[in-house]
Each structure stands twice: as C-alpha cells, then as structure tokens.
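Engineer: Protein chains in written order, with this note's numbering: chain E, 1 to 259; chain B, 1 to 259.
Since the hints were derived computationally from the structure, they do not count as laboratory data.
Heads up, the beta-carbon is just placed ideally off N, CA and C, and yes, glycines get one too.
Any given hint could turn out to be false.
Per the computed footprint, the stretches of chain E lying under chain B, defined by three or more beta-carbons under 8 Å from a beta-carbon of chain B, are [what the hints assert, rightly or not]:
#, segment
1, 27-33
2, 55-64
3, 71-84
4, 149-157
5, 160-168
6, 234-248
Take a look, some chain E residues computed to stay more than 12 Å from chain B by CB distance [said to hold, decoys possible]:
#, residue
7, Lys-41
8, Asp-44
9, Ser-197
Take a look at the letters that make up each chain.
2 protein chains.
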Amino acid sequence: MAGDGTPGPVIVLVEPQLGENIGMAARAMLNCRLTELRLVKPRDGWPSDEATAAAAGADEVVEGARVFDTTADAVADLERVFATTARTRDMTQRILTPRQAGAEIRDFMAGARSGGQGEIKAGVLFGREAKGLKNDDLVLCDAVVMAPVNPAFSSLNLAQAVFCIGYEWLLAGFGDGEDGGGGRLAMAKETRPANKSELQSLFEHLEQELDASGFLHVKKKRPVMVRNIRNVLQRAHLTEQEVRTLRGIITSLAGNRRP
Amino acid sequence: MAGDGTPGPVIVLVEPQLGENIGMAARAMLNCRLTELRLVKPRDGWPSDEATAAAAGADEVVEGARVFDTTADAVADLERVFATTARTRDMTQRILTPRQAGAEIRDFMAGARSGGQGEIKAGVLFGREAKGLKNDDLVLCDAVVMAPVNPAFSSLNLAQAVFCIGYEWLLAGFGDGEDGGGGRLAMAKETRPANKSELQSLFEHLEQELDASGFLHVKKKRPVMVRNIRNVLQRAHLTEQEVRTLRGIITSLAGNRRP
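Given only the sequences and the hints, what does the whole structure look like? Please build it.
Structural biologist: Rendered as structure tokens:
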C-alpha cells in the first residue's frame, strides 16, 4: 500500500477543452489516490455533465474541482510546481521522467512534513490537448516532466498523461525504485519553500526596478528578458527567507538611485 | 532510448465494446512503441470509424488489427500470455505488478532471441470494459497482472490499462543507469553552464555593489549573508548567458546611484 499518508500533488489542467477529457483525467486521478483538481479557463465551462459522465464514479474529484482565471492564480499557494510537456523548449530547465518526478514530489512533501514546516503543496500542470503548455506557464514551474515514450508518436491523451504522473507518484510510495531520498532539498530550519505568490511578488518587484533603471527599455525584447530572469530565480528553489533577502538586495541596490 | 530492438508484446482486447475505447487503446500502444493489436469478438464490429478517430493518428495499429472468434484462437501462436485483472479470483496464479510484468516480458523475448529460438511472442489480455476477463480466459495465461492502484477505485479505463503495461514494458528496456532522458538540464541554445570563475566574478560584483549600497554594513553578519546569497545563486545552475544577464541587472540597478 502507498500507506505513508503523504498527500498527493494537485493536478492543474490548463485550458482543457472537452469536458469528457476532464472527467477521464479525474478518473485517472482517483485511480492513483489523487483528489485535488484545478482547472484554468476550461473552454466549455464548468461544471460539465460530460466530465461527470466520463469520470465514471470519481465524483469527489469532479465536484471538488476549483476553477481559476490564470495559471499563476492556480499555482499561487503551491511551493513546487512541475510542468508536463512532450518536447523541450529553448529554455534552461531541469528535465525529469515521470518516475523521477513521482519520487521527487513524494520526497519533497514528506520532507517538508517531517521538517515541521506545516502544509506544503506540490502541483503538476498539464496543457491543452494537442497544444501543450505555453512558455509563460512553464516559467512558473520548477522542473519539466517528459515521459520517455515513443519519440515518433509522443502525444499522450490528457488522461493518460495524468495517469502516468499519478501512477509514478503512487508507486514511489511503495519504496521500490526509490533512490534513497536523493534529489531532496535539505531545508534550513525555521524557513519553508517560498510559494508561488511570494515568488510572483519578487518578480514584479525586480521588474519594476528594472523598468525604472532602463534595463528593460527595449520593448520588443522585454518579454523574453523577463521570462529568462524569472526562469533563473525559479530554478533556485528559493525559501521564503531567501525571497525576503533578494527583495532587500533589490531595494538596497536601487534604493539610493532615486532622490 | 529503448533501443534494444526487442519486439513488444501483442495486445489482445477480449470482447471490447466501444470502438472509441479500441482506438484510444491503439493510441496508447503506439505511444509505447507497441504495434500488434488483436481483437476477440468486438461488440460493434470491425473495422470501426470510431476507433480510427479515437486513435488520433495511430493508424498503423488500427489498420493492422486482427479479429478472432475466441480468446484461445487469438493467443494460439503466443509462447507467453499475461492476463490483466483488477481483482484476484479463486484460482492459483502468479500475480505480477505491471512493472514486474514489463521486465519479465522483455527478458523473456530477449532471452528467446539470444537463445536462437527464432521468433517468440508474448501477449497481454485485457477484458471487457467493466467486466474484465472470464475465468476461461485466465486459464490460458501464464500469470496475472494487477496494477497496484487505489483499492477503493481500481477500475482503469481500457486505454489506461493498456498504457500502464506498455509504459512499463517500454521503461524496462532502458538499461541500468539509463533513465529515459530525465535528470538532466535542458539548456537553451548557444549557451553552456557557467564555470566557477564566472560565478566567482558574479559573486564579487554583487557583493561589491552591496557593500557600496550599505546592504552588508553589519560587519558581524556579513559572512553569513554573503554565504546565503552565494548559495542561492549557486543553486540556480546558471548558464554563462545568465551570469551576464545578472551582471547586467546589478549594474543597471546600481548604476545610476553614483554620480
């Protein structure tokens, strides 16, 4: 049994199109003991009779689903976010297999609990059918998960992709195939991983100062530069304390510039 | 790459009901590099437009599917047959997880080839939606495969069950020490990881500006603060390009401060 009692990751479907696919994803979640579903702008609205029918009894998942306007809102209270994707982008990112991600999510959540850091949440993002996630979604994430499937036919059905992650998370709880806790971030005492809304405030603070200093003055390049900078900070797995330190640094460096 | 060239198991769907489910199973097969599909008495006939649509491009699997009147006929030329089931029966049978079955199928087929036994085939049976396999089907099999999913909600969608077996068979082909491409850092084009001397220069640049701005003015705390800041940047696994970006940011934020 996956009986260590660790809560599972939140599943976030970004702009899912068909209610049927949402329902099948909910069924796959409950097969894997996952229950917390979030939807970002479901195209055909919510609630959905098609979703309920396709969930084949996973009513608790469908009825508990929460809807958000943006991906950033949907992940704001999560400390670790993983993005699923079928292809790499031209971005510097850590790539995990579902097996590695399943173990890492479990280690992260168990480590946080045993460290007395209270409730800590991880989530996994899934993009639209066929199109996948946008780069703006990816920069919200700490790592990218790619299933090592047939490279000549790699597009998984949405529910299949959800199942793959949930299944590996579930099996990581059995103790086989674990790597002795490697890949876990040992955390300094009396702090906790920064959540996404704290990170977002850091990003906005920095970008505001960089706009003022002229660093981002080339309009055309601004989106790419902002994304690259966010990506760097994202990758550092900042603690809440470190976010405050970085904000102090930005204020200090920029502070005396203006009268 | 799962590049040992071992052929995969035949997938046998026993009395599948909806064409759509057959198509989704075909898609899951090709995702996992499996191509040989057999159908025992498909309820709605064959070929099926619904199957073709749901296969989402896995045409070679759908078009190559063969139809049989009985399960015994469908497995007659196979040397090893595995049955998937969601529950044990009152029969003495070897039970495997999908992970164990994936490895066993691969070992069996590779062993047979290297033993010069010519073409050797394994197959996996999947029962009807909801009802599963009959005991008469099970007695044709060498072992039973049960996925260790949520016992309170264990019924997998047919395509999901097929994917689970195919995925484990596929991953069993990655040799020891191979990881299917995970655990690495995908790097944006035209850059490389920063070396330690580039990082050192970044640290010194930042600390010099922080000394000037007064952020590090408490002498006693300076060493700890410097260490914490370096630790954050170290953890981000910066590329050489990113180091230059960060130095640009520091210069820009601090730049106008001094006359």
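Engineer: Provide an ascending list of the numbers of those earlier hints which the structure does not satisfy.
Structural biologist: 3
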